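Let the sequences and hints guide you as you build the complete structure.
Below, each chain spelled out in residue letters.
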Amino acid sequence: MVFPILVFRDSQKVLDRLHGHRVVVRVDDPENIVDAASRVQRTGNQLSCVICDSVRPLSAITPAESWAGIPVALFVPEVGRLRDLTATIHRTRDLDVHVYLPAARPENLVSLRILASLNVPSCATFGAEPPDWEALADLMTYALLGPIPHVPIDPFEYIADHYAPDRWTQWDAVTFSDPRRYLHLDAESRVALSHDDLLAGAFIADDLGALDDIERHPAFVERAGRWRRFFAECTQCSCCPGWRVCQGMFVHTVERAPGCSAFFTELMDVVEQHNAKRRQTRQPNRWRP
Amino acid sequence: MPNLLLTTRCVRSCPYCFARREIEASSSADSVSWEDLIFLADFLEASGDRHISLLGGEPTLHRDFVDFVLYLHERGFSITVFTSGVLSNACLCDLERYLRAVPPGPLSFVCNLNDPEQISAPPGETERVHEFLSVMGPWVSPGFNIHRPDFRLEFIIELVARYGLMRQLRLGIAHPVPGNPGTHVSPGMVRQAIDRLCSYRALFERFRIKPGLDCGFPLCQFSDEQLGWFHRLTGEALRFYCCPAIDIAPDMSVYSCFPLSRFHRRSIYEFDSMREVLDFYHHKNDAIRAELAGIFEECDGCIHREEGVCAGGGACHLLCRLTDEAPVRLPEIQRGLSDTRLP
Amino acid sequence: MIVKATEACNSNCLYCDVVHKAVKGPTTMPLDVIECLFRRANEFLEETPNEELNVVWHGGEPLLLGPGSYAQALEFQRRHCHDTSARIHHSIQTNLSLFTSEFARVFRELGIDCIGTSYDPIGGVRGPGKPPDTAIYNARFLRGLEVVEQEGFGWGVIYVVTQFTLKRPDALFYFMTNLKPDGGISFSPVLVYGPEPRHLAITPEEYADFLGTIFRLWWPHSERFRGVEPFRSLLRNAREGACSLGCGESGQCAASHWNLAPDGRVSHCGRSHDWGLLDYGSIFDRSLADMRRDGQRDILAQRNEVLTNGDCQGCRLWLICHGGCPLDSWAATGSFGHKTPWCRATKRFVETHFEPVTGLRLKFSVEDGPLGGSEPLGATSAQVESTP
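Chains as they are written, first to last, in the working numbering: chain A, 1 to 289; chain B, 290 to 632; chain C, 633 to 1020.
Don't read these hints as lab results, they were simulated from the structure. Treat the numbers as computed from the prediction; the structure is a model and nothing was measured. Where hints are given, some of them may not hold.
Stated by the list, open to error - Okay, the calculated bits of chain A under chain C, using three or more residues with CB under 8 Å as the criterion:
#1 158 to 169
#2 222 to 232
#3 238 to 245
Said to hold, decoys possible - Cβ-to-Cβ under 8 Å is the rule here; a few derived chain A residues that face chain B:
#4 Arg83
#5 Arg113
#6 Ile114
#7 Leu118
#8 Pro147
#9 Ile148
#10 Ser177
#11 Arg181
What the hints assert, rightly or not - Label-pair ranges, simulated between beta-carbon atoms:
#12 A:Ala60 <-> B:Glu420: 22 to 32 Å
#13 B:Leu516 <-> A:Asp138: 30 to 40 Å
#14 B:Asp540 <-> C:Glu778: 52 to 62 Å
#15 A:Asp207 <-> C:Glu778: 23 to 33 Å
#16 A:Ala60 <-> C:Glu778: 19 to 29 Å
#17 A:Arg81 <-> C:Leu798: 50 to 60 Å
#18 A:Arg229 <-> C:Tyr825: 47 to 57 Å
#19 A:Trp168 <-> C:Pro760: 21 to 31 Å
#20 B:Ser302 <-> C:Asp802: 29 to 39 Å
#21 C:Gly700 <-> A:Leu211: 32 to 42 Å
#22 B:Glu420 <-> A:Ser66: 37 to 47 Å
Glycine residues also receive a C-beta, built at the ideal position from the N, C-alpha and C atoms.
Right, here's the structure in full:
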């Protein structure tokens, strides 16, 4: 079994307990990206990427040349005005930066399209609030069927890459939420299955040493088996044509924003169309989550 | 090189405006969205087209005008903005702060100037134009629409000198809109207008301003001497063309040019490339020319037209005749038929 | 060889025969019957070197026997079928509620790699108790499914279409294909022969229209919804002239079926045993080959000729239908010599739904191929004409 990548807030204390692991470190300030990356390398661990959780818009962040060679996942609330972005976008483009934007804000759906067309890879993230499903469908169609090949807009591109018609498509890895690929540590090295679990204090082990095969851990098995509730209760989600990709992810918002079903159904159609005519284009060598 | 109408809102009411019909028919809320702009950029890029003109109404009225220009520049497009130069202070500040960072080659403005003595402007409008020219002068070439035979150009030459504008004067000739002709230069007035233009020869040479002719000028209305002078001054062969400009409205509808905005208007989404769009409207224009060769009787059989040196004037004139005059010809046709009746 | 390991069941599905009928003799198959089965199997396979034997463990709920009984069956096979066991293939049909890793171990040794099951999530149709407790049933089914998948088994599922299903055919279709995205789903109509449960019964026309509704969901995305029967087979038959049919439509069950009851009596199939028809005797008294030659089978062997000269004369769908299951024919008409009422379902589905949607026109008439037999139909015998 390939051990999951460990995600934790930048901490020398946590790093000192690790050796030979693939890690993702989180920082709040873009100024700390380089130092965080250096710390990982000095401790003999392998850096997968640096996540920067910024409260500032992308236009207020100046990517540094010293980020070169560091895969960066930049979580920002919005892009800001394009006029304020153009001064730095060429550097963002040249560096290995992935921009993450919350899909619930309508302006971000436009921003994702702008970023992709300017060759900046980006990803829409989902939270408690549902997005405008129709606008998201437009964005998805643009991402996968646009006339000009642009850089990926995730999760659409990720879903397209991992989609197969005979199975469900798991795509939470794109936001570091797939426990088969990412485990989350707190400052005491306690282990959680996701960042949300970590913030909620839902730990499955006190340290990594207690974990052997994550996929056999009861907490993981229970998490992996959550889908059964939908089918056991014959819920609306279990009868939805979009289930194969959604898997009940938006069950909490389907009542007030039922557009998820149409969105995921259309997504599968578009993904199948996209994959059928995917062209072999050379893409820059960028990290992928 | 297509023209994109960012908005149909305008700040002026020029008497010769052949976009008026388009503007009046549109909602004031009509303006290009980001999604449509990106679609068009993709569409043009896929078509191998890397130039776009931004028009209106007044394109700088669009809320995202500056961002649009910067976006298109980032995409590698060269951009020409057709403006009245009547900008708000806020917009002018944004231009100064953000667009002056874009070199004059990839970004240019054509400022359509009206003679303050012949067309009265509201208070403050002329001053605003001057402020625009003072900020963006090196990016701006002046434009002028000939709409009456006694036009004046001295004020333009003065502006070029004062604000360091590009020394290329874009000269248009006011065209009729089929069904709603408005103020325009009729075929009979063209020679007078050309003579008037050439009377500025000395000023053009002194201030090294090169006049460029827009569409619809007929070759036959120039004397050989006038043609020679133009060529010597500009260093370029004059073109007497009329071909689809390709205007794209905020609602993504497309047509050949402003005067023909109601003629075979389509949606850009019906086409897969700019080539297809151009071919479509070339075909429609050719169909007009198959009925009427040119704006003069002599166009029919003119070797310069047949050899493609001159288009025979604007197709808008021809369509006006076909739409406005045909019913008038009916009695003539009936008379002709009665004359040929057998005894 | 359908082996009815037990008549007992831990569920009380409304439409199941097992629930409604009176059982004569032992409920569960004793070990001596199982052992005799393997002795007879070896005898048969030694006599017929070109034959293979498919043993379908059935019930009731066959897992009620416990893993020990199947381990014993495996031992019997090893003991009695030393040289012929390679030609014995096992499969099982279970509700999965009792499936455990212990069953998985012994089934693996029996060569079973795919579990057959059936499922219906609709409330009040399946489950223990009266009325059936669907919540418990669903939970047990899904738990059993978890073990099936953890143990690396494949699985296929039959969905029995009832009157309840007709209310939301689209939801049901998506539910099943979501549950089993890799295919292996087979829709069948509920078969109600007696007065109960009449409220679940559907007409052939209703079944055809149900299939038609979900066919319209399936067809545009047939690559996505793989392995959905009867669509996959029908389409394959239509395009390739292949002939993949269930036992009821094959017209070839005369010489290929036995049903072994818990008491050791052998009849033709499960229903023939329940209705006292086509009893071939006790497995203790007769060999399988002898039972295969039983004169009662003649009426089944002649059925194809009777139908093509009678009820099914000139029918263009003959080769994919063969007049339906002879037992259904007997239930409706008292004779094996007639087509079944489900013929109407086939015709209606093909003419009203399949052909208009696909643009194909099926032509499987008797003139295009051999009557009965076990040869696959070639391209010359099943013609497909694309409608203009």
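To see whether the hints hold, each was checked on the structure:
1. Given a C-beta distance limit of less than 8 Å, the hint that chain C covers the region 158 to 169 of chain A holds, as 4 residues qualify and 3 suffice.
2. With a threshold of 8 Å between beta carbons, the proposed coverage of the region 222 to 232 of chain A by chain C holds, since 4 of its residues qualify and at least three are required.
3. Chain C is given as covering the region 238 to 245 of chain A, and this holds because 6 residues of the stretch bring a CB closer than 8 Å to a CB of that chain, at least three being needed.
4. Taking 8 Å as the C-beta cut-off, the interface hint given for Arg83 of chain A holds, the closest approach to chain B being about 5 Å.
5. Interface restraint check for Arg113 of chain A: the shortest CB-CB distance to chain B comes to about 6 Å, inside 8 Å, so the restraint holds.
6. Satisfaction of the interface hint for Ile114 of chain A is found here, the shortest Cβ-Cβ separation to chain B being roughly 7 Å, below the 8 Å cut-off.
7. Of the supplied interface hints, the one on Leu118 of chain A holds, with its beta-carbon coming within about 6 Å of a beta-carbon of chain B, less than 8 Å.
8. With a cut of 8 Å, the hint placing Pro147 of chain A at the interface with chain B holds, because the nearest CB-to-CB distance is about 5 Å.
9. Because the closest C-beta pair between Ile148 of chain A and chain B is about 4 Å apart, less than 8 Å, the hint holds.
10. Checking Ser177 of chain A against chain B by beta carbon gives a least distance of about 29 Å; that is not within 8 Å, so the hint is violated.
11. About 32 Å separates the beta-carbon of Arg181 of chain A from the nearest beta-carbon of chain B, more than 8 Å, and the hint is not met.
12. Restraint check, Ala60 of chain A to Glu420 of chain B: a C-beta distance of roughly 30 Å satisfies the suggested window 22 to 32 Å.
13. For the pair Leu516 of chain B and Asp138 of chain A, the supplied restraint of 30 to 40 Å is violated, since their beta-carbon distance comes to about 53 Å.
14. Under the hint 52 to 62 Å, the C-beta atoms of Asp540 of chain B and Glu778 of chain C, about 55 Å apart, fit the expected range.
15. At about 29 Å, the CB distance of Asp207 of chain A to Glu778 of chain C agrees with the hint of 23 to 33 Å.
16. Distance hint check: the CB atoms of Ala60 of chain A and Glu778 of chain C are about 49 Å apart, inconsistent with the given range 19 to 29 Å.
17. Distance hint check: the CB atoms of Arg81 of chain A and Leu798 of chain C are about 57 Å apart, consistent with the given range 50 to 60 Å.
18. A hinted range of 47 to 57 Å is violated for the C-beta pair Arg229 of chain A and Tyr825 of chain C, which are about 37 Å apart.
19. Under the hint 21 to 31 Å, the C-beta atoms of Trp168 of chain A and Pro760 of chain C, about 30 Å apart, fit the expected range.
20. Between Ser302 of chain B and Asp802 of chain C the Cβ separation comes to about 58 Å, which falls outside the hinted range of 29 to 39 Å.
21. At roughly 37 Å, the beta-carbon separation of Gly700 of chain C and Leu211 of chain A lies within the given 32 to 42 Å, and the hint holds.
22. Taking the beta carbon of each, Glu420 of chain B and Ser66 of chain A are about 43 Å apart, inside 37 to 47 Å as hinted.
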